[in-house]
Amino acid sequence: MPMPRESFHRHLTALQNEVLFMGSMVEKAIERSMEALKNRDLELARQVVADDAKINQKRFDIEEKCVELIVTQQPMASDLRVIIAVLNIIIDLERIADHAEGTAKIAIMIGNEPPLKPLIDLPRMAQKTVEMLRRSLDAFVNRDAEACRKICAEDDEIDQLYDQVFRELLTFMAEDSKTITRATRLIWVGHNLERSADRVTNICERVIYVVTGKMEEIGASKY
Amino acid sequence: MDAKMETRQLGFYYGKRQALRNVSLKVPDNQITAFIGPSGCGKSTFLRILNRMNDTIPGVRLEGEVLLDGQNIYGPCVDVVEVRKRVGMVFQQPNPFPKSIFDNVAFGPRVLGMDRNVSLSDVVEKSLRAAALWDEVKDVMGKSGLALSGGQQQRLCIARALATEPEVLLMDEPCSALDPQSTLRIEELMDELKERYTIVIVTHNLQQAGRVSDWTGFLLLGELVEYGKTSELFSRPRDKRTEDYITGRFG
Numbered sequence: 001m002p003m004p005r006e007s008f009h010r011h012l013t014a015l016q017n018e019v020l021f022m023g024s025m026v027e028k029a030i031e032r033s034m035e036a037l038k039n040r041d042l043e044l045a046r047q048v049v050a051d052d053a054k055i056n057q058k059r060f061d062i063e064e065k066c067v068e069l070i071v072t073q074q075p076m077a078s079d080l081r082v083i084i085a086v087l088n089i090i091i092d093l094e095r096i097a098d099h100a101e102g103t104a105k106i107a108i109m110i111g112n113e114p115p116l117k118p119l120i121d122l123p124r125m126a127q128k129t130v131e132m133l134r135r136s137l138d139a140f141v142n143r144d145a146e147a148c149r150k151i152c153a154e155d156d157e158i159d160q161l162y163d164q165v166f167r168e169l170l171t172f173m174a175e176d177s178k179t180i181t182r183a184t185r186l187i188w189v190g191h192n193l194e195r196s197a198d199r200v201t202n203i204c205e206r207v208i209y210v211v212t213g214k215m216e217e218i219g220a221s222k223y
Numbered sequence: 224m225d226a227k228m229e230t231r232q233l234g235f236y237y238g239k240r241q242a243l244r245n246v247s248l249k250v251p252d253n254q255i256t257a258f259i260g261p262s263g264c265g266k267s268t269f270l271r272i273l274n275r276m277n278d279t280i281p282g283v284r285l286e287g288e289v290l291l292d293g294q295n296i297y298g299p300c301v302d303v304v305e306v307r308k309r310v311g312m313v314f315q316q317p318n319p320f321p322k323s324i325f326d327n328v329a330f331g332p333r334v335l336g337m338d339r340n341v342s343l344s345d346v347v348e349k350s351l352r353a354a355a356l357w358d359e360v361k362d363v364m365g366k367s368g369l370a371l372s373g374g375q376q377q378r379l380c381i382a383r384a385l386a387t388e389p390e391v392l393l394m395d396e397p398c399s400a401l402d403p404q405s406t407l408r409i410e411e412l413m414d415e416l417k418e419r420y421t422i423v424i425v426t427h428n429l430q431q432a433g434r435v436s437d438w439t440g441f442l443l444l445g446e447l448v449e450y451g452k453t454s455e456l457f458s459r460p461r462d463k464r465t466e467d468y469i470t471g472r473f474g
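Sequence order for the protein chains is C and W. Position one of the first sequence corresponds to residue 1 (the working numbering), numbered consecutively onward. Position one of the second sequence corresponds to residue 224 (the working numbering), numbered consecutively onward.
Please keep in mind that the hints were generated in silico from the structure rather than gathered at the bench. Predicted, not measured: the structure shown is a model, and the values here were computed from it. It cannot be assumed that every hint is accurate.
To be verified - Partial list, computed: chain W residues near chain C (C-beta under 8 Å):
no., residue
1, P403
2, L429
3, Q430
4, F457
5, S458
6, R459
7, E466
8, I469
9, T470
C-beta atoms are modelled at their ideal positions from N, C-alpha and C, and glycine is treated no differently.
If we strip away everything but chain W, and leave its shape as in the complex, we get (with noise of 0.2 Å):
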């Protein structure tokens, strides 16, 4: 497997708390990655690390390593403003700027500067079909992103992290605001975005987790109890705790 993301022993401390313990796994290039577990349990923590979104909360600390690449992105000398622009990431309630459609999938590469030699519509075209959205927008440019429906909106947000050209891309609970037809919809989308991007999401949606996912982890307490192929963590984990949640035994 080849690994785009790599954790090795990750602790990570709200002050005194802690959210994560030895936290060490290979997200694998081009694949789909889900992880699922209790509310709590440090998922969301774990997503929000992989792009340090995390650096700005106060008292928070991280043990180990974090790679991108093969390289910390947690070492010294790392431009995060260069790491976000690699790890984009879409979060759980569809959040595009009071801006236009296009501007709002203008904006990332507007504020971090592009190839002089390629066109700004062309990039906002090239996100918005990336997306899935290209055809519902394309005659209204100019409207605001806030009039377009949730699951609309929720891809004018993929279209606007894809804008930067990301390689990695963290969804956080990308449809639990959604209606099933939307949700299957970007369902759909990550599996073509997969062949591009390597994707990590987190759920509280097993049978989602089931569906799109290649690999899956499960988070308990900050540890993680067990991570391998999805279709075998889902018909016969290894692990008892793995089967009572998945069973819903507890939770």
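Isolated chain C (complex conformation) (with noise of 0.2 Å):
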């Protein structure tokens, strides 16, 4: 038989699709910051500030599709839950986007000043940030729960991570108080990445959501 509604569930998987690509320009605003921060590259920087403007725009995109099907389809249960859980997404994104703006602006502040230590931990935290966004984002594409639970477990890798940057920086700052100008600022990126990673959790309970029906917190970060 026919599928009947085959033309909206068109504009559903459209939906969705353009939630990837402003997944995938937020995690490139991730990386961006972090290079940015490492290399000290000021132009990059700015590129990222510069780009956070589009990503907002992207987000007032998928919001009016959202009303636009809202309204003109008046979608039921699943197809409901995917637009729902659509207006959520995007909202976790954009902030995750400022975040990586922030970064990319604490990257502008510190300039060429002195490095006060290799970045290791840092990037680390960036680079895992992406990879649980980019799950998270396929999860959702495959309506995988499970997958979702298990991105949500590895928050705590992140928040360790961020502990380690936290203790290793109050060591720098307490054996010498020039350093804490420096210091705080690196701070800043981590809780900003720490941040990012807790959204990306939110990301993974809307999935679920589409999943099963349920809205259900999973389990609260230490941050």
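Taking the hints as your guide, dock the two standalone chains into a single complex.
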């Protein structure tokens, strides 16, 4: 039997693709902001700040499409849940991008000051966050609640890295008060990444809602 | 949940063809229960069983029980006229009699007889008020019911059904022949009526079921696939077949 709502379901798939596209913009923002910080690439940092406006715009575009589908198609059941999930996911994506923009701005603030130490754990946090984000959106497309629970559990790794970063920078500050400004700024970067990973767990919760119809809070983060 | 009506292992056959199988459910008192499903799923048959409207069709057979306040309406010694008085019905096409507005509403009480202490015109007024039609027709009561607009005709039919003071009101696609404005009017009315009556509605319009009903049942090929709170059934149906139907993946 032909599916009577084929065109609506094509629109839903297109909507999902838009979310994936926005997700890739956000991944790029996280990666580039860390690269800019690590390599003291002010040009790249400014680019991340400028690109944030595009991500914000993308969010509004997707939101408009959701409203349009609700109004014109009166979606039900899992179709409705997908749209409600998208409306929530794009907020989280947009906020993660803001955190990346924050990191890029810190890179600009630090400018060409001498480096406090080689950055190791912060890039690791960024890499892990990007990986979790990518997998959460894959899980969204594949309607994979199990994968989401796993990703949420991995948020602990991010928290541990953040702890490590925090303790290490504290030692620097304790030993030499001249490092306080630079160290504090790096702690902000860690905080941005910790928040971003937490937002990824929100996305995972939304995917679980799409799959099961249940809204559940999964393992509160330490921070 | 207080059940006004209840079916137990209800099966129904038109000759050899089985139209309903093993339907067991409770229709809660003073709430609106909607039945949805593709054409031929048995939802109209089900509705008509609730006031024995199928009795006159030759070759039909019924299994199981249909209870009204705990009493089987298909039991021996049951007065069918009494059942239909207690369980009124409104149909898809507004079908006023070719009589005056007054006589349309007065028809039931006249035929069935009524309390001596109540005047017929009081019953007519009360019914028309309950059907939200009084203000529009009070000065033209002698006019033919057929002269009214479609939406008014349907409200006239509701008033006519209410005049015999039923306890349950069955509505078979009551808005499918009406424009959106009249449809909303009837839906509002249903919401008011459920304070005093138990309403069962069959509708093709999923959005309407979502808007008006408290409980929804999904029928497919004569089987009750899912029955539950409307808000649950439309946001997170438990059965894949319900999901597929309400999201338009078949049907």
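Evaluated hints:
1. P403: W:P403 check fails; min Cβ-Cβ to chain C is 14 Å, beyond 8 Å.
2. L429: Result: holds, 7 Å to nearest chain C Cβ.
3. Q430: With a minimum Cβ separation of about 5 Å from chain C (threshold 8 Å), the hint on W:Q430 holds.
4. F457: holds (5 Å)
5. S458: Holds, about 6 Å.
6. R459: Holds: closest Cβ of chain C sits about 3 Å from W:R459, inside 8 Å.
7. E466: Holds: closest Cβ of chain C sits about 5 Å from W:E466, inside 8 Å.
8. I469: This interface hint holds because 4 Å falls under the 8 Å limit.
9. T470: holds (5 Å)
In this structure, only the earlier hint numbered 1 is contradicted, and the remaining ones agree with it.
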